[in-house]
Every structure is written in C-alpha cells, then in structure tokens.
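K.L.:
Chains A and B, in that order, are what the protein sequence lines are.
Sequential numbering of the first sequence, starting at 1, is according to this note's numbering.
Sequential numbering of the second sequence, starting at 1, is according to this note's numbering.
Please note: incorrect hints may appear among the correct ones.
To be verified - Once the Cα atoms are required to be at most 30 Å apart in a straight line, the calculated DSS-like pairs of lysine-lysine come out as:
#: 1; chain 1: B; residue 1: Lys-65; chain 2: A; residue 2: Lys-34
#: 2; chain 1: A; residue 1: Lys-37; chain 2: A; residue 2: Lys-123
#: 3; chain 1: B; residue 1: Lys-17; chain 2: A; residue 2: Lys-37
#: 4; chain 1: A; residue 1: Lys-143; chain 2: B; residue 2: Lys-17
#: 5; chain 1: A; residue 1: Lys-34; chain 2: B; residue 2: Lys-21
#: 6; chain 1: B; residue 1: Lys-26; chain 2: A; residue 2: Lys-74
#: 7; chain 1: A; residue 1: Lys-84; chain 2: A; residue 2: Lys-104
#: 8; chain 1: A; residue 1: Lys-41; chain 2: B; residue 2: Lys-26
#: 9; chain 1: B; residue 1: Lys-174; chain 2: B; residue 2: Lys-141
#: 10; chain 1: B; residue 1: Lys-21; chain 2: A; residue 2: Lys-41
#: 11; chain 1: A; residue 1: Lys-37; chain 2: B; residue 2: Lys-21
#: 12; chain 1: A; residue 1: Lys-74; chain 2: B; residue 2: Lys-17
#: 13; chain 1: A; residue 1: Lys-49; chain 2: B; residue 2: Lys-26
#: 14; chain 1: A; residue 1: Lys-151; chain 2: B; residue 2: Lys-26
#: 15; chain 1: B; residue 1: Lys-26; chain 2: A; residue 2: Lys-143
#: 16; chain 1: A; residue 1: Lys-41; chain 2: B; residue 2: Lys-17
#: 17; chain 1: A; residue 1: Lys-141; chain 2: B; residue 2: Lys-174
#: 18; chain 1: A; residue 1: Lys-157; chain 2: A; residue 2: Lys-34
#: 19; chain 1: A; residue 1: Lys-34; chain 2: B; residue 2: Lys-17
#: 20; chain 1: B; residue 1: Lys-21; chain 2: A; residue 2: Lys-151
#: 21; chain 1: B; residue 1: Lys-21; chain 2: A; residue 2: Lys-141
To be verified - Negatives, chain B to chain A, calculated, CB over 10 Å:
#: 22; residue: Trp-32
#: 23; residue: Lys-56
#: 24; residue: Cys-67
#: 25; residue: Arg-69
#: 26; residue: Glu-98
#: 27; residue: Thr-99
#: 28; residue: Ser-122
#: 29; residue: Ser-127
#: 30; residue: Glu-138
#: 31; residue: Gly-147
#: 32; residue: Met-148
#: 33; residue: Pro-156
#: 34; residue: Lys-171
What the hints assert, rightly or not - Just the calculated beta-carbon pair ranges, DEER-fashion:
#: 35; chain 1: A; residue 1: Asp-23; chain 2: B; residue 2: Asn-27; range: 18 to 28 Å
#: 36; chain 1: A; residue 1: Leu-117; chain 2: B; residue 2: Asp-22; range: 25 to 35 Å
#: 37; chain 1: B; residue 1: Asn-27; chain 2: A; residue 2: Lys-141; range: 17 to 27 Å
#: 38; chain 1: A; residue 1: Lys-158; chain 2: B; residue 2: Ile-112; range: 48 to 58 Å
#: 39; chain 1: B; residue 1: Tyr-104; chain 2: A; residue 2: Lys-158; range: 50 to 60 Å
#: 40; chain 1: B; residue 1: Lys-168; chain 2: A; residue 2: Lys-151; range: 40 to 50 Å
Since the hints were derived computationally from the structure, they do not count as laboratory data.
Every residue, glycine too, gets a C-beta built ideally from N, C-alpha and C.
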Amino acid sequence: MTFFEKQTDPTTPMHWLGNMQADYLYPSGIAGDKLFKHIMKNDTFLAAKCPKCNKTYFPPRLYCEDCYSEIPNKEWFEIPATGKIKLYTIATIDTYGNKLENPKVIGMINIDKTDGLFLGVIKTDNLDENLQGKQVEAVFKSKNERDGTLKDILYFKKK
Amino acid sequence: MMTTKKEGYPKYAPGTKASGKDIANKNITHSWWEPEVQYSWSLGPAYSRFLQELKKGKIIGRTCKKCERVIVPPRMFCEYCYKPTDDWIYLKDTGKIETFSISYLDPNARRIKDPILIGVISIDGASPMHGFMHYFGEMSKDEIHIGMKVKAVWKPEKERTGSITDIKYFKPWKGGEK
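Hey, can you work out the whole structure from these sequences and the hints?
P.N.:
Here it is as structure tokens:
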C-alpha cells in the first residue's frame, strides 16, 4: 500500500522554503512631504491650524477632519519638537516574538501647542518610573543622515 | 459634482504629478518596506520524490492501474478512482507543447523587449494532458506552436538543487535524435 511508503531519510526535501515578494512603497503625500522635508533641515516640527475650528494638527493636514475646511498654507507654523507623554507601554518582545534584552518604551506623545498625538519611542533609564505626563523632547538623527522618513526621529527623551 | 458648489465644502485637492524618477531621486519623501513573508510548503511523498529525481536528471511519474493513467507530476492518490496510485515510472525528458504564452512582462511585471516563452508541456509517456509548466528556449516567438516537439535542457549536475528549475528550459526537438 502506498501510504506505508514513508520517508525515513531526513535529508530528503520535505519542505519547500520560499519568500514571497511584497514590496511596499508609501509616499508621504502633500502634507507629509512638507513635514518630512522640514524635518530634514530643522530640529523642529510643523503643525497646521484649522482656520474655522482652531484645531491644531500634528502631523499637519491639508483638510480639517472635524469641519472639513481646507487648511491654507498660511495656517502652517513651526513648533518645537517637544511634548507630554499621554500614555505609554513597555515592550519586552520584538515584532517576531523574541525577548528583548533592553525593554523598549513606546508612547503616545501629545505634541506641545497642538491637539495631535504622536507615536514614538521613549528612552528612559528607569523603567519603574511613572512616565505619564512627563515632558519629553525629540532626538533626531544627524542632519546628513536624515532621509525624510519617520525614522529621522530617533526617540524622545525626558527634558 | 453638485456638492462642490455647496458653501463651506472644500474643493478637491489638486493631484501632484509624480514619476518613478521622483521616487528614485528622493524628490518625494516616501517609505520603502520589504516585508519578510516566508513560507514553508510541505511537499508530501510524491513531490519530494519528483524533485529528488529531477536532481538526478530524471522525470518520474505515478501510475494508476484502474484508470490506466500515467500521472506527472506524480500524485499519491488518484482523484479519478479515489484510490492510492500504484507504481513509480520513469518518463522521458521530451514532450510536446500543449499551450504557450509569449510574455512581454518579467516576473516583477516590468515590460521587457525580448519576450519570455512559457507554457505547459505534455510529457512523452504520460497520459494525454499530463505534464507541467516550463520555459522554452532556443526558439523564437514566431517558431513556437502548439504540438511542437520539445526536449528538456538540464542544468549541469553540480548546479542542480532539487527544483523544477533544474531543467533550464525546453528546446525544439525532432524525434529520434539525442
């Protein structure tokens, strides 16, 4: 009977291993492009304020998502790269489920002078400390290494 | 379009013209990501043996005594008779083109000038319409036709890895010659 013909040699190719190609290109868009080009040259952020309802966006937007009005260029302004930690979590495993040697703190940061929340890595020496509400500032890559992506912001550190 | 006239309703955002060059020259900021999407496909006894034999430079099939079929690539179970297949059988590395395609796109969907010839080959000695897909070589897009006799061109033995690409391609063949 066929089904008793089992393979006992472990060197036989029992599995075919492969890697599916699924490259992914994400352009930043008009507003994102402007922000990242600003970050490439400066250590500050840009925000956009809705002229109608005064909601201040970070990351900046072309349209207000609350009242649907257009945010013109003149409503864009420079803001310092600082903020307050709204909430945070401590990651002890990486994306693949491997244990991290140094736990990573990831938090939502309320950027100063804006209504925007921003997800960032927070660098801290003391993991037991309650970070909620603490003031932080962004640390950027050196200017010649910046490539116009979110990774230009290395991490946030306590002020 | 009516809605655009309503007061307080925004105009549509103007599109921005962009090309592949803008991405390559980094005129447009963007992120590029290549996710690792690994898979492991369990071959089973039939396909394992098939690939091992390809490494040796042979094509192997399976026979079913009930429906008198020679199945290639081999199967351990006959889907017609609902019973296990019976014996292994070595087949020739020749066949005829069952269907083909002239492709002006490469595997990454980029346009190419020299077309890739690809198609399904019915292997000699196997039942009609039994065979597999492969590349064709040493022939032009004008020569290729359905029913054309072809022979496998193998990689040198040292380069074979136990893969369907151990056969480089199928070339035109006149019956009888080696």
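K.L.:
Now tell me, hint by hint, if it's right for this structure.
P.N.:
Against the structure, the hints come out as follows:
1. B:Lys-65 with A:Lys-34: 71 Å, violated
2. A:Lys-37 with A:Lys-123: 25 Å, holds
3. B:Lys-17 with A:Lys-37: 18 Å, holds
4. A:Lys-143 with B:Lys-17: 28 Å, holds
5. A:Lys-34 with B:Lys-21: Satisfied, since the Cα-Cα distance of roughly 19 Å is no more than 30 Å.
6. B:Lys-26 with A:Lys-74: 26 Å, holds
7. A:Lys-84 with A:Lys-104: 18 Å, holds
8. A:Lys-41 with B:Lys-26: 15 Å, holds
9. B:Lys-174 with B:Lys-141: Measuring from Cα to Cα gives roughly 18 Å; hence the hint holds.
10. B:Lys-21 with A:Lys-41: With a Cα-Cα distance of about 22 Å, the restraint between Lys-21 (chain B) and Lys-41 (chain A) holds, given a limit of 30 Å.
11. A:Lys-37 with B:Lys-21: 18 Å, holds
12. A:Lys-74 with B:Lys-17: Given that 30 Å is the threshold and the Cα spacing comes to 23 Å, the pair holds.
13. A:Lys-49 with B:Lys-26: With a Cα-Cα distance of about 28 Å, the restraint between Lys-49 (chain A) and Lys-26 (chain B) holds, given a limit of 30 Å.
14. A:Lys-151 with B:Lys-26: 15 Å, holds
15. B:Lys-26 with A:Lys-143: 16 Å, holds
16. A:Lys-41 with B:Lys-17: 24 Å, holds
17. A:Lys-141 with B:Lys-174: 66 Å, violated
18. A:Lys-157 with A:Lys-34: Roughly 25 Å between the alpha carbons, so the hint for Lys-157 (chain A) and Lys-34 (chain A) holds.
19. A:Lys-34 with B:Lys-17: 15 Å, holds
20. B:Lys-21 with A:Lys-151: 23 Å, holds
21. B:Lys-21 with A:Lys-141: 26 Å, holds
22. Trp-32: Incorrect as stated: the minimum Cβ-Cβ distance to chain A is 6 Å, not above 10 Å.
23. Lys-56: 13 Å, holds
24. Cys-67: Given a closest Cβ separation of 15 Å, the condition holds.
25. Arg-69: Answer for Arg-69 (chain B): holds, closest chain A Cβ roughly 15 Å.
26. Glu-98: 24 Å, holds
27. Thr-99: 25 Å, holds
28. Ser-122: 24 Å, holds
29. Ser-127: At about 18 Å from chain A, Ser-127 (chain B) clears the 10 Å cut-off, so the statement holds.
30. Glu-138: Non-interface label on Glu-138 (chain B) holds, nearest chain A Cβ at 28 Å vs cutoff 10 Å.
31. Gly-147: 32 Å, holds
32. Met-148: Per Cβ check, Met-148 (chain B) is outside 10 Å of chain A; nearest 30 Å; holds.
33. Pro-156: Non-interface label on Pro-156 (chain B) holds, nearest chain A Cβ at 19 Å vs cutoff 10 Å.
34. Lys-171: 26 Å, holds
35. A:Asp-23 with B:Asn-27: 18 to 28 Å: Holds - the Cβ-Cβ distance for Asp-23 (chain A) and Asn-27 (chain B), about 20 Å, lies within 18 to 28 Å.
36. A:Leu-117 with B:Asp-22: 25 to 35 Å: 31 Å, holds
37. B:Asn-27 with A:Lys-141: 17 to 27 Å: For Lys-141 (chain A) against Asn-27 (chain B), whose Cβ atoms are near 20 Å apart, the range 17 to 27 Å holds.
38. A:Lys-158 with B:Ile-112: 48 to 58 Å: 55 Å, holds
39. B:Tyr-104 with A:Lys-158: 50 to 60 Å: 58 Å, holds
40. B:Lys-168 with A:Lys-151: 40 to 50 Å: 42 Å, holds
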